[in-house]
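Chemist: The lines below spell out each chain.
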Amino acid sequence: MPGTERAPTYFLARQRSLVTPLILLCVLLVISAWHGPHLFTSDGLAGAVIGAAPLVLATLGITVIAVAGPAGVDLSVGPVMTFINIVIVLGLPLVGVSSPVLVFVAAIIVGVLLQVAMGTLIACLRVSTVVVTLAVYLVLDGLNTVILPEPGGTAPDWLASWGAASSILSPILYVPVAAFVLWTLITASTFFRNIRLMGANDRTAFVSGVALIPTRIGAHVIAGIFVGIASVMYSGLIGSADPTAGASYTLSAVTALVIGGASLAGGRAKGLGSVIGAIDIWLISYVLSTFNFGLNASYWVEFATGAVLVAALFAGGILSGLSPRAWRHQGGLAGPTP
Amino acid sequence: MAGAVLIALIAFGATSIGGFWSLLNLRSNLVFASFLGIATIGQTLCALIGGLDLAIPFVLGAANIGLVRLMNGGVSPGLGIVIVVGLGGLIGAFNGALSNRLQGQSLVVTLGVGNAVLGLVQILVSKGGVSGISGGTIEGKIPRWIERFSTFNHSFGIAPAVLLWVALIVVTIVVLRMTWFGRSLYALGGNQAAAARVLVSSWWSWTVVFAVSGATAALTGVLLLGYTGSGYAGVGDPYLFTTIAAVLIGGTSLVGGRGGYGLSVLGVLILTVLQTILSGYNLSQAAQEAILGFLIIPTVALYARSPHPRMQI
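Chains as they are written, first to last, in this note's numbering: chain R, 1 to 338; chain G, 1001 to 1313.
Simulated from the structure, these hints should not be mistaken for lab results.
For the chain G half of the interface with chain R, some residues (derived, Cβ under 10 Å), not all of them: (1) LEU1098; (2) VAL1108; (3) LEU1111; (4) GLY1114; (5) ASN1115; (6) PHE1241; (7) LEU1248; (8) SER1284; (9) ALA1290; (10) GLY1293; (11) PHE1294; (12) PRO1307.
Estimated spans, in silico, between C-beta atoms of each pair: (13) SER1076/G - GLY152/R: 48 to 54 Å; (14) SER248/R - ALA1004/G: 34 to 40 Å; (15) VAL95/R - LYS1127/G: 51 to 57 Å.
Cβ-to-Cβ under 10 Å is the rule here; a few derived chain G residues that face chain R: (16) PHE1058; (17) LEU1102; (18) LEU1107; (19) VAL1113; (20) LEU1118; (21) GLY1119; (22) VAL1121; (23) GLN1122; (24) ALA1287; (25) LEU1295; (26) ILE1297; (27) ARG1305.
Just so it is clear, the structure is predicted and the values come from calculations on it, not from any experiment.
Glycine included, every Cβ here is placed at the ideal spot set by N, Cα and C.
Produce the entire structure from the sequences given, and follow the hints as far as they go.
Modeler: Dropping the structure here:
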């Protein structure tokens, strides 16, 4: 338990959750250097940035939900990104919106609205995050295909050019960096500390005077901002609208979150860990794509993602030092049991 | 409650959809319900102890293509079924054991294990197969008796799969209500600490429950193979959410300790009737999925709300 560490070791103990994602990152970078050195050219890096940016931002978004806990796994993130992708590519041109600033604002508004709707249901009805986000996954995944049965449309020119990734010193890098700066500012705030307290133990938060409903909805507002930005980057990456491709972002983002060391019991998660975790996931598919698996490539990606998720859980379980007995006192999916 | 919804839905279907009461429709509905029902056994048990098994669709798909590959490789069908159901059980046991050791994070554990298993099985199946796998589909000679087991044109008057489901309903309900193990699951789901005081081993219960879930998922994969006639890795995809929806709509709460398999059977029947009605209105698969999603939140709001923190102090 972090709180019981003595002061000199406290800082290092708090960084313990970064060990797993960092080791994985190093291993993957070494394999890339050996088998896919194209990554370390300027083209390769630019491709990596735009390829990984949607996942990095989406993972940051669901990290807030994980912090707000308990068992705060946001399953809806994939279909939500797909929905905003359709809005950007097909919806906004209908109302004549295509300038960069307005597209970002619109994407963020849609993301925040969807997340606030979920947050309100979770906070006011007091039903579990998993169930609500699962329901929203179903609704939006179905709705996306109803609105747009086949992939189509083209993203605005400025956005589509991001997907070409011609240079790394361009908005494809500036946007994620700015988002991470925003993340750092948000996590330093008192409000975020309340979210952490609520996630760690909502009874303690309640008796300490934290207003639970606004705090939980606020966590979803933050998540909505990052998921909105992620959707813009995703639209740039694929350059069109696709009703089904985005759903797989749910598994990737949850995997990245867990690799990044977030505790699904709530209260503890690091933005930096999530970012590295997301980069890890992107690197896994990159490394696998440099091997010649032919038609089997997608099976290998599926296998490797699942296996890495389980391995990360193993490593995380050992490093975090939480015993099953500690869990029994915490309660399971149900959260704290009286 | 769920029973009233079911009766209302049947009444609505009978009046608004032509041919709702036809023997053909009832029989095919029951076959679909039995597939979903058998896969839901595992999900119900997991929900009772406060877990979730997201590996069900992956194990189901892996069993589906794995069995075809085994039979193509010369393994006798009977032995093949025992192997895939047994392996499904082992995968489930691993899920349960690991989830329990990792503070009950069954959601991510099963998601990871499921993806790894299905990916691995697809890689194995595609290697040197008698007939290769393409786009997740694998062709093979399915024995007549496996096909007859899951189809409704049969001398029994009803598909044997439905009879198997009925038998499994009885077994599951008896085990849950009348055995020490069954009651211990409710104790565990209700309060972990109290269950530990009366010597209920949480680790053992999780392992057994998830093993059952893996085995029932694999069994559903076998039954679906008989129904469709060829192996398809994605055959389980709809079962990820429909098993959870059946559990929730029936009235078993996901936080554990309350509900039972009888309720899930009602949930399965509600979903099946609902799908018939929606198909009757010519709604696409996607639209049906969206409507299902809309239904989950009000149902959960009825059954599965957690108490306000002020009530927990």
